[in-house]
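Student: Please model the complete structure; the sequences and the hints are all you need to start from.
Going down the list, the sequences are from chains A and B. Heads up: the first sequence begins at 28 in the numbering used here, then just goes up one per residue. Heads up: the second sequence begins at 28 in the numbering used here, then just goes up one per residue.
Note that these hints are calculated values from the structure, not bench results. Computed from a prediction, not measured in an experiment: that's the story for all the values here. Check the hints yourself; a few may be wrong.
When the alpha-carbon atoms are kept at most 30 Å apart in a straight line, the in silico DSS-like pairs for lysine-lysine are as follows [to be verified]:
id : chain 1 : residue 1 : chain 2 : residue 2
1  : B       : LYS143    : A       : LYS113
2  : B       : LYS143    : A       : LYS44
3  : A       : LYS143    : B       : LYS113
4  : B       : LYS44     : A       : LYS143
5  : B       : LYS64     : A       : LYS44
Residues from chain B that face chain A, not an exhaustive set, calculated with beta carbons under 8 Å [to be verified]:
id : residue
6  : VAL84
7  : ARG145
8  : MET152
9  : SER182
10 : ILE184
11 : GLU225
A virtual CB, placed ideally from N, CA and C, is assigned to each residue, including glycine.
Number of protein chains: 2
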Amino acid sequence: MRTFSQDFQTELYNLMKWRRDVRHFKPDPVDPELLRKCLDAFQMAPSVGLSEPWRIVTVNSPLARQKSLDNFKAANADALASYEGKRATTYAALKLSGMSDAPVQLAVFCAEDTAKGRGIGVQTMPEMRRYSVVSAIMSFWLAARAHGLGLGWVSIIDPVQLRTDLDLPDNWSLVAYLCIGWPKEETETPELETVGWEMRNAQLTTLIER
Amino acid sequence: MRTFSQDFQTELYNLMKWRRDVRHFKPDPVDPELLRKCLDAFQMAPSVGLSEPWRIVTVNSPLARQKSLDNFKAANADALASYEGKRATTYAALKLSGMSDAPVQLAVFCAEDTAKGRGIGVQTMPEMRRYSVVSAIMSFWLAARAHGLGLGWVSIIDPVQLRTDLDLPDNWSLVAYLCIGWPKEETETPELETVGWEMRNAQLTTLIER
Chain A
28 MRTFSQDFQT
38 ELYNLMKWRR
48 DVRHFKPDPV
58 DPELLRKCLD
68 AFQMAPSVGL
78 SEPWRIVTVN
88 SPLARQKSLD
98 NFKAANADAL
108 ASYEGKRATT
118 YAALKLSGMS
128 DAPVQLAVFC
138 AEDTAKGRGI
148 GVQTMPEMRR
158 YSVVSAIMSF
168 WLAARAHGLG
178 LGWVSIIDPV
188 QLRTDLDLPD
198 NWSLVAYLCI
208 GWPKEETETP
218 ELETVGWEMR
228 NAQLTTLIER
Chain B
28 MRTFSQDFQT
38 ELYNLMKWRR
48 DVRHFKPDPV
58 DPELLRKCLD
68 AFQMAPSVGL
78 SEPWRIVTVN
88 SPLARQKSLD
98 NFKAANADAL
108 ASYEGKRATT
118 YAALKLSGMS
128 DAPVQLAVFC
138 AEDTAKGRGI
148 GVQTMPEMRR
158 YSVVSAIMSF
168 WLAARAHGLG
178 LGWVSIIDPV
188 QLRTDLDLPD
198 NWSLVAYLCI
208 GWPKEETETP
218 ELETVGWEMR
228 NAQLTTLIER
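Tutor: In structure tokens form, the structure reads like this:
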């Protein structure tokens with residue numbers, strides 16, 4: 028049996044604690060070889076029926092970047108309008124995406140109707156394909172962090188509009204828009220806690236027995 | 028800046044490669060303290076707006092176990108009926124869940140309407156709450172594997188039926204039914220590859236540029 032040392036276990040937890048959602052990036056470029064190495068984590072992730080439904084779009088051209096940023100800005104303005112008073116002020120001051128400065132930007136989709144996997148495990152829960160993509164993103168996130176790269180997951184975006192703007196197949200669902208680069212600063216405290224938006228629970232409070 | 032050693036990076040990739048979906052368990056019990064330590068990974072996972080929408084149900088009682096197993100068996104019989112010929116024979120021979128032998132079984136739900144996080148990041152993509160739960164499951168999975176535990180994710184199950192059977196709130200969505208215990212054997216090759224159901228791609232083939 029394969030075993031992992033206690034040092035490794037401790038360091039794995041340190042990595043998870045230190046992971047964070049990064050939204051402030053230095054302008055320094057990311058070595059394509061390093062990015063590629065981190066992307067290898069996708070291939071190691073679990074996927075239902077080995078369907079590997081992830082489709083990764085590198086958003087590089089100025090036009091694709093602009094359309095994606097406009098999409099975020101519109102969704103963010105709508106979201107801001109749903110808050111009032113002090114809450115709205117706090118929301119307006121938050122930096123919720125690194126899309127203006129992240130050197131690498133990936134839109135990650137799920138191919139909803141891929142034949143790969145031959146439908147195993149998705150008959151009662153078709154959402155398992157999207158969950159496979161999320162598992163791969165989480166693996167990639169940890170791999171990137173282990174190499175010092177920062178990653179921020181943007182979900183304030185109209186997913187159908189983005190797919191249309193990037194001219195992608197109708198049967199692809201957007202799972203995440205990822206901003207990647209070298210972090211400007213490091214912290215173990217989420218920005219949402221720092222500004223008083225929301226706090227994490229100190230421990231797992233949601234264990235129920237049946 | 029926090030850095031991780033090259034040894035750690037290599038070992039992290041080894042962990043991801045060796046992770047696997049485990050469906051064959053020894054009868055040995057899992058130390059509750061070890062399980063608890065692995066569950067700590069949930070609290071370290073990213074969640075949209077720090078909403079922490081995961082709700083973890085330990086399925087322990089004989090009645091709850093029986094209902095869950097019946098649910099799987101019915102869904103699995105329906106799935107089998109959708110295949111024909113050799114494919115059906117292969118499907119029938121697969122062991123697709125460890126529900127008959129895993130000492131620990133967890134049903135993991137997402138609280139769709141939690142107030143925590145105050146709605147940030149979920150207005151255009153409400154599925155982000157479920158994706159947060161998947162991220163936490165993936166973190167838990169890696170933590171469990173680093174401690175030598177095996178985990179199998181069952182998705183051949185009627186999610187609404189399970190929620191009803193376990194008497195849980197209507198606004199909770201099932202994300203995963205997890206079987207956990209000490210693996211009977213270790214392999215880096217998925218069972219679906221061994222029996223010829225499906226193969227993994229050798230490398231990431233789905234990078235598209237825009």
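Student: Please go over all the hints and tell whether each is borne out by the structure.
Tutor: Hint-by-hint comparison with the structure:
1. With a CA separation close to 17 Å, the supplied pair LYS143 (chain B) and LYS113 (chain A) stays within the 30 Å bound.
2. For the suggested pair LYS143 (chain B) and LYS44 (chain A), the alpha carbons sit about 20 Å apart, so the restraint of at most 30 Å is met.
3. Annotation: proposed proximity of LYS143 (chain A) to LYS113 (chain B) holds, straight-line Cα distance about 17 Å (limit 30 Å).
4. Restraint check: the Cα-Cα separation between LYS44 (chain B) and LYS143 (chain A) comes to about 20 Å, which is no more than 30 Å; the hinted pair holds.
5. Between LYS64 (chain B) and LYS44 (chain A) the alpha-carbon distance is near 14 Å, which keeps this suggested pair within the 30 Å criterion.
6. For VAL84 (chain B), the interface hint holds, since its Cβ comes within 8 Å of a Cβ in chain A; the closest pair sits about 5 Å apart.
7. A least Cβ separation of about 6 Å between ARG145 (chain B) and chain A falls short of the 8 Å threshold, and the interface hint therefore holds.
8. The beta carbon of MET152 (chain B) comes within 4 Å of a beta carbon in chain A, closer than 8 Å, and the hint placing it at the interface holds.
9. At a threshold of 8 Å, the smallest CB-CB gap from SER182 (chain B) to chain A is about 4 Å, leaving the interface hint in force.
10. Because the closest C-beta pair between ILE184 (chain B) and chain A is about 6 Å apart, less than 8 Å, the hint holds.
11. At its closest, the beta carbon of GLU225 (chain B) sits 4 Å from a beta carbon of chain A; the interface hint therefore holds under the 8 Å criterion.
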